[in-house]
Every structure is written in C-alpha cells, then in structure tokens.
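Going line by line, the protein sequences match chains A, B and C.
Quick note: the first sequence, position 180, residue 180 per the numbering used here, numbers continuous.
Quick note: the second sequence, position 203, residue 203 per the numbering used here, numbers continuous.
Quick note: the third sequence, position 126, residue 126 per the numbering used here, numbers continuous.
Hints are computed from structural coordinates only; laboratory data are not their basis.
Quick caveat, the model's predicted, so the values are computed rather than measured.
Be careful, since some hints might not be right.
If several chains are the same, the list does not tell them apart, and a pair holds so long as it fits within one copy or across any two.
Said to hold, decoys possible - Computed cross-link-like contacts, DSSO-like style, restricted to lysine-lysine with a CA-CA straight-line distance of at most 27 Å:
#: 1; residue 1: Lys221; residue 2: Lys86
#: 2; residue 1: Lys91; residue 2: Lys285
#: 3; residue 1: Lys290; residue 2: Lys50
#: 4; residue 1: Lys91; residue 2: Lys303
#: 5; residue 1: Lys262; residue 2: Lys128
#: 6; residue 1: Lys118; residue 2: Lys86
#: 7; residue 1: Lys104; residue 2: Lys262
#: 8; residue 1: Lys300; residue 2: Lys244
One letter stands for each residue in the lines below.
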Amino acid sequence: MKMALRACLRTKPGLTGLLSQLSCSGHAAARRAPALVAQRSSSSTSQKIKVDFDQSSGVAVMHMQSPPVNSLSLEFLTDVCIALEKLEMDKSCRGLVVTSSQPKVFSAGLDILDMYGKSPEHCAEFWKAVQEMWLKFYGSNMITIAAVNGSSPAGGCLLSMTCDYRIMADNPRYSIGLNETKLGIVAPFWFKDTMVNTVGHRATEMALQLGLLYSPAEALKIGLVDQLVHEDQVLTTATETMTKWLAIPDHARQLTKSMMRKPTIDKLAANREADVNNFVKFITKDSIQKSLGMYLEMLKRRKA
Amino acid sequence: MKMALRACLRTKPGLTGLLSQLSCSGHAAARRAPALVAQRSSSSTSQKIKVDFDQSSGVAVMHMQSPPVNSLSLEFLTDVCIALEKLEMDKSCRGLVVTSSQPKVFSAGLDILDMYGKSPEHCAEFWKAVQEMWLKFYGSNMITIAAVNGSSPAGGCLLSMTCDYRIMADNPRYSIGLNETKLGIVAPFWFKDTMVNTVGHRATEMALQLGLLYSPAEALKIGLVDQLVHEDQVLTTATETMTKWLAIPDHARQLTKSMMRKPTIDKLAANREADVNNFVKFITKDSIQKSLGMYLEMLKRRKA
Amino acid sequence: MKMALRACLRTKPGLTGLLSQLSCSGHAAARRAPALVAQRSSSSTSQKIKVDFDQSSGVAVMHMQSPPVNSLSLEFLTDVCIALEKLEMDKSCRGLVVTSSQPKVFSAGLDILDMYGKSPEHCAEFWKAVQEMWLKFYGSNMITIAAVNGSSPAGGCLLSMTCDYRIMADNPRYSIGLNETKLGIVAPFWFKDTMVNTVGHRATEMALQLGLLYSPAEALKIGLVDQLVHEDQVLTTATETMTKWLAIPDHARQLTKSMMRKPTIDKLAANREADVNNFVKFITKDSIQKSLGMYLEMLKRRKA
C-alpha cells in the first residue's frame, strides 16, 4: 500500500485514457490524520476548491484544484458538498459553473485510495459522500454548467452529467465516460440512470458494458456533452451560455428541472442504505481488492 | 383587462417567437355570454373548425380556423373535442389530418385569457378541456397526422405531438416547442411525458428548462417533427403520407398504438383531478397572474 | 393447408421484403411426427444448428442452418435454446456469435405454420418456446453478437436485438424490422420493450405501427444495427469485435448487462402465462387465421 501511495503522489493526468480511469489523491494518508480534521474543514475549502462568486450576475464558478487530478476523495467530496450547499442557500446565487484548475483533467473520478485496503466503515462513509455529491448536484436548484476542460472518466463523468449543460474542450487527447467495467467494478444503478437520462438506453448499455471512454467528438455525437469549443474558450463559453439560462424565470425552471429529475433522485434517496451496503460488500471482496491493487501497481510502474 | 382584451382583438401571428408564445382568442368576452351557449355549440363547430371528410379514402381533414391564431380557448377546445369525437365514432373514418386555416400559425397554444383574471372554477373547467383534448388525440384510434403549416408554440406543439406523424412547413420564420418556462409557467407532467416519448429525456430536459422554440430544421434534427416540406406542400404531403399508413390493417395498428401510449395516458387518466387542482393552485397565484398580466401588456404594446 | 405447405417447401428468401415478412419452415408436417421426436432432438441440434466453439478464444459461433430461411419453428426454437443453454453452462465459453448459413436471410422470423390451423395447445407450446428463446438470449451472461448476414424480419429482428451488438451486411436488398402489423398481427409488449431499449420510444412507435422493414443504411441510422460491413466481412468483423468485448472482465460486464436488462426481463418473467394466453386468444381468432391463410396463399402463388 505504501508504495502504491508513493506512486500516487507522483501521479499526473496521463495522456492515455487508462491512466486517468480511476485516480488516487496525492496526499491521502496525511490528510486523513484525525487531528487535522477541524482545521482542514475550512482551510481545505479554500485550498482545494476556489469559488468565485460574481454578485452582479448571480453566477459562481467552482474551480476544482485538488492536485494532481481532482480525485474525488472522501475529503474532497466533503469540501465540494459544503461549497455547493453554501451557494445553494445563497438566494443571490442563481448559476454555477464547475471547472478544473488542474491541467488536462476535469476530474479523474472516485479516489481509488478510499476503496483500497480500507475498512468497511471507511468504504461506507466514502460511498455516502459520493451519493451526497450526486444528490446535491443532480437536484440543485441552481443552473449548473460543467466546463469540462480536460479528461473526465468515471466519477468525473458522473459529476459533469449531473449538470444542466456540458461544454467540453475539443482536444482529442481528452476523454469522458463511465469506464468502471474496465477495472472490474460496476457503475451503480444511479450512475446508470443518470447516463440513460443523458444519452438514452442503448448508448448507455454499450458504454457501460464496454467501459467506453469517448473522445470529445464521439461524446458530442452521442449527446454525452452538449458543445465542444477550443480549450481556451471552455470557461468563457460556459459564462455566455449561463446568460441564456439566466433569462428563464427561476421558479418555473426549477420546477421543470425537478419534474425531470425527481423520479431518478427519489430512487436513490429511498435506497441509500441498501446502496451503501451493496457497495461495501462488493468493493471489499478479495477479487475486487486484488483488481484495484493491480491497477495501483500499474499506475506505480507507469510513473517509475 | 379590458385594454389587454382589445390588444388581443388585434393580435396577429407575429414573426417573432415571443409574440406567439401564448395567445389570446379574439372575442373571448363576447363568446362567453351564457345566453349564446346553446346556439354556439353547433354553429361554432362549423365556424371555427371545418372538417372535410372524404368518404372514399376514409380520411378527414380538420381545418382550425379560429382567428387570429387558433388559440386553444375553452370554447375552441370544446369544439375541437366534439369534432374529434364525431369522427372517432364514425367507423368509416380511419385517418385524420389536423391543419390550420390561419396564416403563419398552426396554433398559438392555450388561450391566456382563460387563465388570466378568471375564477378558480373557470380555470378548472378550462384545464379539464385541455386534458380532454390531449386524452382524445393521444389515444385516438384513427391515424392522426399534423400538417403544421405555421408556428406551433406551447399547446400548439402539444397538439401536434399527440399525432402519429408531423409534417412541418420548411419556413425558418416558424417555430415549434413547449416554451412555457419563458412565461414563468410550467409544462405539466403529461406535456413532459408526451415530449419525452417524442424526442427522449435529454432533449426534453433542455427544451423544457429553457422553453426552447425550435426552427423547423432544428425540430427535424431532434425529432420533434418528422418531415419538412415547402409551405405549399404540407397538406398534400400529409395526404400522401396517410396513404402509407392506411395500408396497415387498422386493428393491428390500433392495438400497437395503444400498447405504446397507454401507460402515458393512464398516468393522467388516474390523476386528472389532482392535476386540475395543481393547475388552478398554480395559475391563480398572484405572482403567476402578474406574469401573465405583464405578458398581455407586452402584446398590447406591440400591437399599439 | 396442404397446398400452402407445399408452397412453403419451395419458399426461398425473396428479394422483396414482403416475402420474408413471416416464414414457414420447409418440412414442418413431417418433422412434427411424434415418432421421430426423440431421435430428432439430438440430431436436429447438429443438423439445423452448427456450433463451432473455439476453446482458445472462448468464443462460439452458432450457425443457423434450417432451410430454407431459418424460420423460428417450435422445433428450431427448441434446438436453439438447447444449444444456447449448453454454451451458457460451459464456463470456458465467454462469447457467442449468431449467424446464418442460409443465403440472403438471417432468420425469416416466427414460423407461420406453428400459428396457422393449429390447436390452442400447440400455439401455447409454440409461444412458450418464443418466450424462452428471448429470455435466454436477452439475459445471456455471454457476450452475444449478431452477424446479420441477410434479411431479418419479425422474429429474426427480435433475435438480433437480444444480442449485445449487431453487425449487418451492407446489401440494400436485405431488410430488418418488426413488421408484424403488416400481417394484421401485433408485436407483444416484450418485442416492443426490446425495440424501445434499442432505438428509443419514438422510432419504435413509428416502426411498430407501420410494420417498417429498414434497409441496412436506415437501420444503422436509427440504431437498429450498430455497424454495416460488406457481406463477406460480417462474420470476420463479428469475431474482431468480440475481441474488444472479451477485454472487459466478465463479472463486471455481466452485472452491468443484467442491471440494464433485468427490469425488461422481469416484466415478461412475471407475466409469461398471461402473455401466452393473450397470444393464443389472439392468434386463434377467425379473422387472424384468415389473414395468415391469405398470406400463405400469397406465398404459394408467388412460388407457383
């Protein structure tokens, strides 16, 4: 585990899809130290997430800056949720753009280090945080736009799919998709539901079975993203697009969004505990742990 | 209200999308006079709806001719339903083409004057008529083809979506879509269900949140209409298309149509009263009435 | 009936869609002779279905070779299910390619001779076999690829839709689709569900109402098949494609496939008896039998 961790410390977003399939957060072990919890809660919000809120437009931009690849660790997920909740409660904030400050990657997805060699209790806590992130984003009253300025596999793809609109950098080196099967793990039903709502049943069936990572052009073609622009224009385009959405009366838009998404949200909300248990039971299996371990080894060797 | 009414009397289908977003029926106040009800019931059927039934082909053409913009008022909806019911009961009538006799507009949608400044009772009666129209058209045993020869926002779009096939005039000045949110109101769940059945979940989510009105070319691309032809050819093409559909044995086609649509129809049929209550509660809110009032003022100023 | 049978004996896959809409199996009457049942069970497996299993790759190829057009008769369906079951139980078999050894046709669909002039008991037994085929293929743990090297109407289309991937010969003379309504019969709900899962609600609604048979190019456009290749390359491409699918860990892929398909499978599994009763009640109606009889006469005249 220790060597795997060290490998991860050096992990940078790769140019190949494989490398960014799952991810590990740079300094996970250190950050888990209980003594630092209280202090980190606030400081990490500013360290790993930078929120620029423009009071005049009512639009916030959330920059994910958790090196090296914005892995969705338990800690980072918690920070993201706290930041989102604050904005959600601020009536003057009507729109949110989510983007990455890390080069070449939007988010590399769920942090493998929160699933590998961890206690069932830790895995359960981690999974609750993943659920929480999805529930909050998919059900947000704000207009949410994903400015996908880099690769976005697995949990990164999920995060972008929770938004109302997805703009991706037109760089063929980037990819996006739910590639869980390639690692021997399975996207849970609400990942699947979110993708079906986005690209339909058939495209989802093939994407999930094959763990497909799509190039920006392919992602646009199947509707996984809504628009491609030059890398430099992703954030600007997101802001311009936001203006169009802000023209719609909030109340009517929110009710409409809720009507579209509520059935999918209710399905998880009614089954959170069972879903946590399923995840913990699956992820702690010897065979699955072995798969994850081999994957970490592969990452390590790649970086050596 | 009086000035708004006068403004409406002069309303013509505009070339901009906004003007045709919702509509008001020319002489609503006069037509509401109770003393005229009995007489109108039959005469208006011939005045506002002209049905040409060709016994030899088994195909009827329903021309909507309610000036200026075929607004779906309580009265007009009632007439439409009566006309449809007659055809439905006539075993020799196998197909129905729905089209407009008004220039530039198919139908401008639900009549705003039946929702603005009206008693809850009136609003409830109006909404039941909207439901009735949808239930009858979406569940029709006949082959129904919409010959969309003009703009078709909101309720007009809904009417066309209830048909088995949609042919639209290829005039970029026309538009079609469920644009309710732009007025601060919300398309009910069965409008949404009909659109999801037509263009899928994702396109519906974006269309409804943004209240999008699509050009004919855009509508074709997302599948909101099935075919574009020159303005002069809409009705002819509808008749030709009907021939193809008439080649299918009625019984098998009807059972198949019912299998596809029954779950969606049953959902409203089982919840009509709750849906009426929701509508009345929503539409009679001060904030919503104010929105509608402002919209009527805008129409008035435009026409001044 | 006898003449119709003789006509069928000479039936070859036609170049027109109509001829291959439904089908009749060459020597049905003879094969039904009870005395031959036991003997046939094993021999027909080798005669009408040839399975090549490559132990090294873990991939089996099922060649349907039931002349003239791979009609899905009660007997052939039984053989197909037995062959599939054997492969399913063989842990070393991970992938299955289904293809046809008959020229110009993949499968002409359900055998009309098992529905025409038969006892309700026979019809019920036949329908159970159709259900069984669908349940086994749609729920298969193996990777299933349809190498559609010829026309594939009705039940033939259903069989190909149960697979994970469909490669079709790019020959405009071939067609694919659920064309039941053209014969006055109705595709049952699970045929419909399978098609909705493949091409979406709207395309299914139109396809089923009109009984559309699509050219390969049209089928690709709506997503009814996934890939077109030259006639000579169908099987080779299937094998190459299989390699891509084999790269995914079986366990994760199987769980994912089950997650996508289980709700649809459960729906029939919970309603098999009612579905059999519906079918028998419908197919034994005088009007339907008359339709089928006329269709058989037409086939006979065509071949005279």
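Outcome of the hint check:
no. : hint            : verdict
1   : Lys221 - Lys86  : neither (35 Å within a copy, 39 Å between copies)
2   : Lys91 - Lys285  : between (45 Å within a copy, 21 Å between copies)
3   : Lys290 - Lys50  : neither (36 Å within a copy, 39 Å between copies)
4   : Lys91 - Lys303  : neither (46 Å within a copy, 37 Å between copies)
5   : Lys262 - Lys128 : both (19 Å within a copy, 25 Å between copies)
6   : Lys118 - Lys86  : neither (30 Å within a copy, 41 Å between copies)
7   : Lys104 - Lys262 : neither (33 Å within a copy, 38 Å between copies)
8   : Lys300 - Lys244 : between (45 Å within a copy, 26 Å between copies)
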